[in-house]
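Below are the chains, spelled out letter by letter.
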Amino acid sequence: MSAIIQVKNVSKSYWRNSLEIPVLNNLSLEVQEGEFLGLMGPSGSGKTTLLNLIAGIDRPSDGELTVAGTDIAKLSESALAKWRSSHIGFVFQFYNLIPVLTAYENVELPLLLTSFSKAERKQRVETALTIVGLGDRMSHYPKQLSGGQEQRVAIARAIVTDPVILVADEPTGDLDKKSAQEILILMDRLNKEFKKTIVMVTHDPHAAEKASRQLHLEKGDLVGV
Amino acid sequence: MAIPFKYTIRSFMNRKLTTIITIAGIGLVVFVFAAVLMMAYGVEKTLVSTGSPDNIKVVRKSSQGEISSIIEGETVNLLKTLPHIATTADGKPIMSGEPCVIINLEIRSGGMSNISVRGVSQEVNLLRPQVKITEGRMFNPSMRELIAGKAVNKKFAGADIGSKVKFAGDYWTVVGIYEDNGSGFESEMWGDANQLLGAFNRGSAVSSVTLKLDDMNNFEKFKRAMAADKRFLQYEAMTEQRFFEMQSEFLAIFIRILGTFITIIFSFGATIGATITMYAAVANRTIEIGTMRSLGFSRRSILTVFMAESMLIAMIGAGGGLLLASLLQFFSISTLNWNSFSDLTFSFALNPSIIISCLIFAVFMGLLGGFLPAARAARLNIVTALRG
Chain A
1 MSAIIQVKNV SKSYWRNSLE IPVLNNLSLE VQEGEFLGLM GPSGSGKTTL LNLIAGIDRP
61 SDGELTVAGT DIAKLSESAL AKWRSSHIGF VFQFYNLIPV LTAYENVELP LLLTSFSKAE
121 RKQRVETALT IVGLGDRMSH YPKQLSGGQE QRVAIARAIV TDPVILVADE PTGDLDKKSA
181 QEILILMDRL NKEFKKTIVM VTHDPHAAEK ASRQLHLEKG DLVGV
Chain B
1001 MAIPFKYTIR SFMNRKLTTI ITIAGIGLVV FVFAAVLMMA YGVEKTLVST GSPDNIKVVR
1061 KSSQGEISSI IEGETVNLLK TLPHIATTAD GKPIMSGEPC VIINLEIRSG GMSNISVRGV
1121 SQEVNLLRPQ VKITEGRMFN PSMRELIAGK AVNKKFAGAD IGSKVKFAGD YWTVVGIYED
1181 NGSGFESEMW GDANQLLGAF NRGSAVSSVT LKLDDMNNFE KFKRAMAADK RFLQYEAMTE
1241 QRFFEMQSEF LAIFIRILGT FITIIFSFGA TIGATITMYA AVANRTIEIG TMRSLGFSRR
1301 SILTVFMAES MLIAMIGAGG GLLLASLLQF FSISTLNWNS FSDLTFSFAL NPSIIISCLI
1361 FAVFMGLLGG FLPAARAARL NIVTALRG
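Going down the list, the sequences are from chains A and B. Its first residue numbered 1, the first sequence is counted upward by one per residue in this note's numbering. Its first residue numbered 1001, the second sequence is counted upward by one per residue in this note's numbering.
Please note: incorrect hints may appear among the correct ones.
Now the stretches of chain A that chain B is said to cover, found in silico as 3 or more residues with beta-carbon under 8 Å [as the list claims (entries may be wrong)]:
no., stretch
1, 22 to 29
2, 94 to 103
3, 192 to 203
As a list, the in silico SDA-like pairs of lysine to any residue whose alpha-carbon atoms are at most 20 Å apart [to be verified]:
no., chain 1, residue 1, chain 2, residue 2
4, B, Lys1080, B, Gly1111
5, A, Lys143, B, Lys1006
6, A, Lys122, B, Asn1284
7, A, Lys143, B, Lys1080
8, A, Lys143, B, Asn1284
9, B, Lys1006, A, Arg213
10, B, Lys1006, A, Leu112
11, A, Lys143, B, Ala1002
12, B, Lys1006, A, Glu105
13, A, Lys143, B, Thr1304
14, A, Lys82, B, Gly1091
15, A, Lys143, B, Asp1054
16, A, Lys143, B, Val1383
17, B, Lys1006, A, Lys74
18, B, Lys1016, A, Lys82
19, A, Lys82, B, Thr1304
20, A, Lys74, B, Val1383
Which chain B residues stay away from chain A? Per the calculated CB distances, all over 10 Å, these [said to hold, decoys possible]:
no., residue
21, Ile1070
22, Ala1157
23, Ile1287
24, Thr1291
25, Phe1341
Hint data in this document are derived by calculation from the structure and do not stem from the laboratory. The beta-carbon is built from N, C-alpha and C at its ideal position, and this holds for glycine as well.
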């Protein structure tokens, strides 16, 4: 196995009214290809910030960040957007589905950034929705689905472009126990059966148990590595 | 590929009330703008259709209208000697020396207004064959009789058949109503030229002379012949259509300038309305914006989505405003034409150029109203946007 994510001496701080607020301090870690990493830690520990950096939606203040063989800290904004569309699948706590689009259209959205034909897109969307067990709910709008179903649509959207890495920020945080369990089983399946590298931020120790490795963050530092 | 247009349409349908209010705001501005342009075009169309391109009008140079033009009887007789004037079967030149006077009439709904009374000669049927008597009969040239245009008959009391109109110290009986396809002639009353000249003690001085040429291709030769004679130095000839077109210019320009000024003021309100609506749309959809950006959609895609939404609002508003304005074509209104100082009845008229002007105006409001919110949406930081 090789490291698909390499974080070297990465620091990140935010500025608020000329006051520098450090979030990550000179942090280093590696995630191997096919690994399921659980990032845990209290609120404000910097775990979501680390996830955002790995996903390429935020930039480090300092340090090197190589994801899927690309030094993403050096990419221009448009190149980074293009990179995200082909390498990263996002799963958010509150699903972040577009309410005015059906399940099918939500899953199709990332494919509109690719050169796939309409027929190819249809096939991929149907496959992704079938994998998450919602092949019969394609024409439903998010408000017509339960929370667990919405999150499964969001997962279908995350995997439809066949990205190498899935990043999930508290994917079970808004779900009841049963739905949360279903989502965790699904993610486990994506990791084991479809060989997706997964980085998941969670508060829930039960959820973190599904991960093949757990890391804890506290005040911007990795602890107990 | 960009964010699908159905996203724009459905998002837009999601906020029905604010969207409808914004559309209504833009629609009303477009309606006012269209109405003003239709009014100005209506004036032009009415007056241009008043004159025939085959008739020649001779007036005193630089006269703003027939009221300020005087041609002495001697000059009228001299005009008859010019070449290329068409003649009747018995050899008389087809020419009408026309005195034009303004009288006051009572409006049916109250108040008074000016109307033009035109004295015409017996040859008027040859010069303006399109004018048709629809009720009553033609005036008798030896009597104090008038025929009234349809618009005068409709608007003014005392312009019905059998009514007596008092002016120039005498009573004139209305004996007929005529129509001329809604032209400016319908806003006049006609009587015999000699009767009018006598009543007003004008001797033989008419306001203008309308004549027909044997061939319109000879118009330049006719003008050259006029220019070669010093006795015509103070007069000029033009087609009757051009003369009436010039009559419309001042009023049409005034309506356009005033109307456009008012519309621009209104448009500020509508544009600000669109801006507020679009800012609200951006604020409501911040997480959606963050999500789409994280999926890989560019800032430009986000800008385009919100600009498209703003343009959609503007275009629907424009469509509604134009539709409403197009109904104005069924109405006619009247106003004082400052060139003739008399009442002119005209209909609102729509043409493709007005439609295009209104659409461009709406596009401008849409672009201006949508740009700041769309730019804000495009500039949003992904992480901040995802937090909502």
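> Which of the numbered hints are not met once you compare them with the structure shown?
Replying inline: Of the numbered hints given earlier, those the structure breaks are 1, 3, 4, 6, 7, 9, 11, 13, 14, 15, 16, 17, 18, 23 and 24, listed in rising order.
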